[in-house]
Each structure stands twice: as structure tokens, then as C-alpha cells.
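4 protein chains.
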Amino acid sequence: MQVMVDLCVVPLGVGVSVSPQVAACQRVIQASGLNYRMHAYGTNIEGPWDEVMAVVKRCHEVVHEMGAPRITSTLRVGTRIDRAQSMDDKVASVEALLKE
Amino acid sequence: MQVMVDLCVVPLGVGVSVSPQVAACQRVIQASGLNYRMHAYGTNIEGPWDEVMAVVKRCHEVVHEMGAPRITSTLRVGTRIDRAQSMDDKVASVEALLKE
Amino acid sequence: MQVMVDLCVVPLGVGVSVSPQVAACQRVIQASGLNYRMHAYGTNIEGPWDEVMAVVKRCHEVVHEMGAPRITSTLRVGTRIDRAQSMDDKVASVEALLKE
Amino acid sequence: MQVMVDLCVVPLGVGVSVSPQVAACQRVIQASGLNYRMHAYGTNIEGPWDEVMAVVKRCHEVVHEMGAPRITSTLRVGTRIDRAQSMDDKVASVEALLKE
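Chains as they are written, first to last, in the UniProt record's numbering: chain R, 1 to 100; chain V, 1 to 100; chain F, 1 to 100; chain G, 1 to 100.
The set of hints was computed from the structure by calculation and includes no laboratory data.
Please read all numbers here as calculations on a predicted model, not as lab measurements.
All C-beta atoms, glycine included, are put in the ideal place defined by N, C-alpha and C.
Among the hints, a few may not be true.
Just some of the chain V residues that point at chain F, by a computed CB distance under 10 Å [stated by the list, open to error]:
{"id": "1", "residue": "V16"}
{"id": "2", "residue": "H39"}
{"id": "3", "residue": "E46"}
{"id": "4", "residue": "H64"}
{"id": "5", "residue": "T74"}
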């Protein structure tokens, strides 16, 4: 089962700037070899369910290892079995409609 | 690593009523033996990370098996390593403050 | 337009315990007179769109006034125009299926 | 109060493809004049709280007018009072750390 997620990891108890923890998660995501795209409020990641969810878990582990006592993340989790659809496909289908 | 999630599974392409699919997910959650509590816009589930995430995956599988071609879920995912805190603890600590 | 939301307010830069801020939001919600129900990872609130969203805004204002420099909240936002459905209705329809 | 949101609008009861409704929301967002950026699982929007939330409401209204009987959206809602930070600033601060 393929999945596309949108992940936003929020460490608590580390002060007001969370960019070091977000950058650490980006390194975890990059190292996974999965397709991803960061935006200003999260990161899209696509791939096989178990691989994507292993990345989410690894992000929590790494951010705790950096010293964050507490983390609250949000995830959107999309699966479909009618056809394959990549992140690029989703954006392209909306952009095509916007050009009409 | 213990985790508390708040899960809301939304099947697409099955019409406007999604309660059969939500009920099927509740059965998956019940069968897991994990602590959980349903509310009007999702379900809190707590337990070991891998067990909780296996339940989330099984919910997607079951809802697809019921015929939903597409699913979009949302998850809040909370972990903390400073101390144990159950769903009941979280509610109780807020309610104690409200009674002051 | 009636709306049902599920709101989880997360203050950043205030340390690891966020229950004082969550309790302050509960007071804002209570004072609104809207129907609501707190759970372990957020609060369901239902009512007219503008009233519910005014409560969400007031929660951010109050938590900033308490000293939080930064807040990241998550909201699920449900509207339907085919029929009225309360928080109790949603839970009851799933529970009825679970008893079959 | 400035806000940055990440909005994902999900119409129910319209079948499996939701790109026409997503495109309609993009038109609402474009027409607002606010800064925004679409990604594969939502759209970042930034600006004054009331203007951004008016766009969210208008998206629900427009998607209902297109015939969707039910909508469930998810929003991340970020505010900060310590300093101004745009969508571009957030991405740039993470990317700077990744280049170190």
C-alpha cells in the first residue's frame, strides 16, 4: 500500500525556535531515499506505507535524542487503491484545472 | 516509545455517510486491546508506537477492503520521554486547573 | 453555516507543560456558550461558523496574553448542508452500528 | 495578529476525484490577494487572521455551492508575537541549517 503523508513535527520544551529539530527531520527524510517536498508548514512524503511510517518514527526518535522532552506532530495520511497518484500528479491535476 | 494519537479516518468515494467505515475502524481499535476513547471527530489511542501505528495501517486496509477507493486520515501524534502520561492524566490535569 | 471543529492549541516557548494554556482555552470555550466536549488530544466545538471561529481566535489571543510567544494549533473543520448533525448524533450513529 | 495556516479542504459525497473543488479553493485564495503556496497535500496561506479565516470560510461556501453536501478540512494555524516570520523565512531558516 502506497501512502502520501504531510508531516509537521513540533518539539515542545525546547524554546521558541524549532528549526534545528525540523532540519534534523529533513535529514532523516532525505536519508530514507523517499520522494519528499518541504513546504512552510510541513513536508510531503510518498512511498510504501511501512517505509514512510518508519521515517515518521525515526523523526520522533531523533528529535527526542536532540533533547526535546515532548513532541506533538500532525500527519495527513492519504491512500488510494483505484490508481497510482504521485505528489506531482496531484499538483498537476489542480494546476491544469486552474489554466482552463 | 509510547505514543498517544488522535486519529480521524475519512473515506472518499463512498458517499456522504461514513459511519460504517468509522465503525469498522472502531472494531479494529477495540480488537487491538489498546486504550482508546472515541469522540465526535476522531479517536484517541495510546500504547507502544508500533502497536498504535499497526492499528492505523489496519484501519486503512479494512476501509479499502470495504470498497473505499481513497482515504485521507488525520493524525495527531504525541510522544514524551520526560514522564509517562496517559489520556486520563492529560484530561485530569486540565480539569484540576479548571476547578481552581 | 453550522460547523463542528476539533481544536488542539499548542503553545511553544513555554516549557514542556501546556496544561495552564489548555485550561485557559477551555475557559474561553465555556464562556462562549457553545456546545463542546474536551478529550485527551483536543476539544470538539459546534455552532455557527463565525462564533466557533471567534472562539479559536480568542484562544490564540489569550494564550499569547499568558506569555506564549508562539502557538501552533490544529483544527479539523466539518460542515454539511444536507442535514443537521450534532456531536452527539455523530457518536450515536457509530455506536449504533457497533451494537449491531 | 498575523497567521500562517496550512489548509486542506476535503469534500465528501462528490466521488473520488476532488481536484475541481481544490481548484475552486485555489481561485478563492488567489482572489484574496494573500500570499499562498500550494503543495501536494494542502496550501500555505499567510496574512492577517481575519482575512485568512475569511478565505477558509469562503472555500467551504464555494465547495458547498458546487454541490458537495459535506466537507471536512484540516488546518494548521500558526501565530507568533515575538517577531514577524513569513513562509519564505521559515523555509529559508531550515534550508540554511541543512547547508551547514
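Outcome of the hint check:
no., hint, in the structure
1, V16, "6 Å, holds"
2, H39, "4 Å, holds"
3, E46, "8 Å, holds"
4, H64, "18 Å, violated"
5, T74, "6 Å, holds"
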